[in-house]
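Trainee: This is what each chain is made of:
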Amino acid sequence: MLRFLIKRLLLASTTLVAISIVTFLLFFAVPSSPAWVMCGRNCSPERIAQVEKSLGLDQPLPVQYTEFVKGIFVGRTIDDAGTLRECDAPCLGYSFRSKEPVTDTISRSLPVTVSIVVGAMVVFLTVGIGLGMLAALKKGTVFDRAAIGASVGFASTQTYTLGGVLLLVFVYSTGLLPNPHYTPITQDPLDWAAGMLLPWITLGLINSALYARLSRAQMIETLQEDFVRTARAKGLPARVVTRRHALRAAITPIVTIAGVDLGGYLGGVVITESVFSLNGIGREAADAVADLNLPLVMATVLLAAFFIVTMNIIVDMLYAVIDPRVRLG
Amino acid sequence: MTTSTSPAAAAVDPEAYLQVRDLKVQFPTEDGLVRAVDGVTFSVRRGQTLGIVGESGSGKSVTSMSILGLHNPARTKITGEISIGGKNIVGMKEEQIQRLRGKDVAMIFQDPLSALHPYYKVGAQIAEAYKVHHPSASKKEAATRAVDMLGRVGIPQPQRRANQYPHEFSGGMRQRAMIAMALVNDPALLIADEPTTALDVTVQAQILELLEDLQREFHSAIIMITHDLGVVSQVADDVLVMYGGRPVETGTVEQIMKRPQHPYTWGLLASVPSLHGDASVDLVPIKGNPPSLINLPTGCAFNPRCRYAGQNGNRSFSEVPELRPAGEPGHNVACHMSFETRQRLYAEDIAHAGVAQ
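Taken in sequence, the protein lines are chains A and B.
Letter by letter, the first sequence follows residues 1 to 329 of the UniProt record's numbering.
Letter by letter, the second sequence follows residues 1 to 357 of the UniProt record's numbering.
Honestly, the hints are just simulated from the structure, not real lab data.
Note that beta-carbon positions come from the ideal geometry of N, C-alpha and C, so glycine has one too.
A portion of the hints provided could be inaccurate.
[Unchecked claim] Taking beta-carbon pairs under 7 Å as the criterion, some of the chain A residues facing chain B (in silico):
1) V123
2) Y172
3) D226
4) T230
5) A233
6) G235
7) R239
8) H245
9) R248
10) P324
Construct the entire structure; sequences and hints are all you get.
Mentor: Written out as structure tokens, the structure is:
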């Protein structure tokens, strides 16, 4: 177990370093410079050079990269157009757009994304797995066809379509729900939920389609397994056979996919955030790319990668917890 | 088994614990009606073993599944009678059958690795089987009982083994655990569906011996489903040979092994190596494949594979042979050929190859 963890952590760090280097290089391959963007249209070449110097862009790439990495671990001093700013570890850089350390931007936007994703996940796991399992148990019936039909319908709906329709119905016409917004859960849990409800439903329903189909297929396969027949042959009631024996085995691969999905979504759900005008990490990342805001791009990309890599490790460990045949090593 | 005048000839012993009369199991499918079992009659007393022999698709496993009432009633049509300890389970409510399953009738499956749940400890799985029929037993009692059973089926260090998962057991040990699970409620009838097929030959013998010992101890009726005549000759008292969902020959193990009457039984015997026969004689496989249960050949279902088909004019191709007395009491065969013809053919073509014993 420990061996596995060390191995995977090493692998994860290597991945993160590689991603950061690639992002860094990609950024400088773009035929544009943050200095131009910052400085505005009618900027003299001298002014641009000055800005570039203050951003450290005149330094060779390896030096710039080392400076960035150093910031993460020990913090660094950043020159913001003449003003020196201390940026404490973990320093992901300084956003010249919003005039704040990147970590501030992240700590403001990450809770928004986490709120959307966690709620949506509850929706798509319960709706998806619930529908899929029921469809499998009632295979071939009207319910099965209706559930699968509905899931195909949701899967082929886009976030901006479903989100737009929901907004129109629940917010603009009837006013049943407030405009989606973010209130920290610690401040007002009810308002937090009210503001997040539509994103949850939208992202949740669209994703539940995949989970419904997947869990239906898994469950149908598991119900054919010999050990399910054994459970029935023991004289166990159908309810126990389904839950304790079939469901337990059918759910394993779904846990894997849910974990990896969670990792992916935590890095930002750009479209959902945009449709509901919520300033989550996905939107910040998209804006940062448009603005050539390198520090923020680096930070969001690394964060997204971090979530994916971490969730993968967690999923593998969970797998070993669920299935005693899996040995970590 | 004794002869009688019932249409299926094989009589049902009224004293027997399990009595199956004219059982038919059909599955309506999109391709047509699958007649998996088409009229089979047999009975087993406590302490006796019935071997049901046949190839895949002969209806032997479907028969055993219907004795446990494991077929989905929505997708299966079952007629006839299956009387377990005097109770007919055909048409019985699921909740009632549930109370019999695992308690009065238990089953051992072919591949113990896939038949045991991979995520639960062996002891827990056995305890669960006990607890479901003994709701008043405490968890601890059930666990103790599980360890006890593991010990009785010859698993060393049962206490430790109960805490392991099925994948930590060897094949033979797993099958022992499966047997322990089946016997945990002292069932009066034990159905063993190819219990040794997935095991090494050396382990097979141990498992069969174990079953025999346990049968003596628990005095249960056993149905041994197999395609292996070696297994049958070792453990069975009576034998039922099935082909295409129908019984083709029934009798005592002595009659079936020593004086087989049906060409299909001959085929089964001739395709198994024998220690007693002529070593230079080649094994004779039964040519062709088992028939489709949706579209059985007309007449005798075995006719496309029978080298004696057509001996009696057109009868093999037009008339389904009924099970009829084959000379000795209790020995029945469903074949159009006369007793004398069968005797002659057996002596000429089959006997010299020797049979598995």
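Trainee: Could you run down the list of hints and mark each one as holding or not?
Mentor: Hints, verified against the model:
1. V123: Where the cut-off is 7 Å and the nearest Cβ of chain B is about 27 Å from V123 (chain A), the hint is violated.
2. Y172: Interface hint status for Y172 (chain A): violated (48 Å vs cutoff 7 Å).
3. D226: holds, 4 Å
4. T230: Since the shortest Cβ distance to chain B is 5 Å, the answer is holds.
5. A233: Holds: closest Cβ of chain B sits about 5 Å from A233 (chain A), inside 7 Å.
6. G235: This hint holds: G235 (chain A) lies near chain B, its Cβ roughly 3 Å from the closest one there, short of 7 Å.
7. R239: violated, 11 Å
8. H245: holds, 6 Å
9. R248: holds, 6 Å
10. P324: holds, 5 Å
Checked against the numbered hints above, the structure violates hints 1, 2, 7; every other hint is satisfied.
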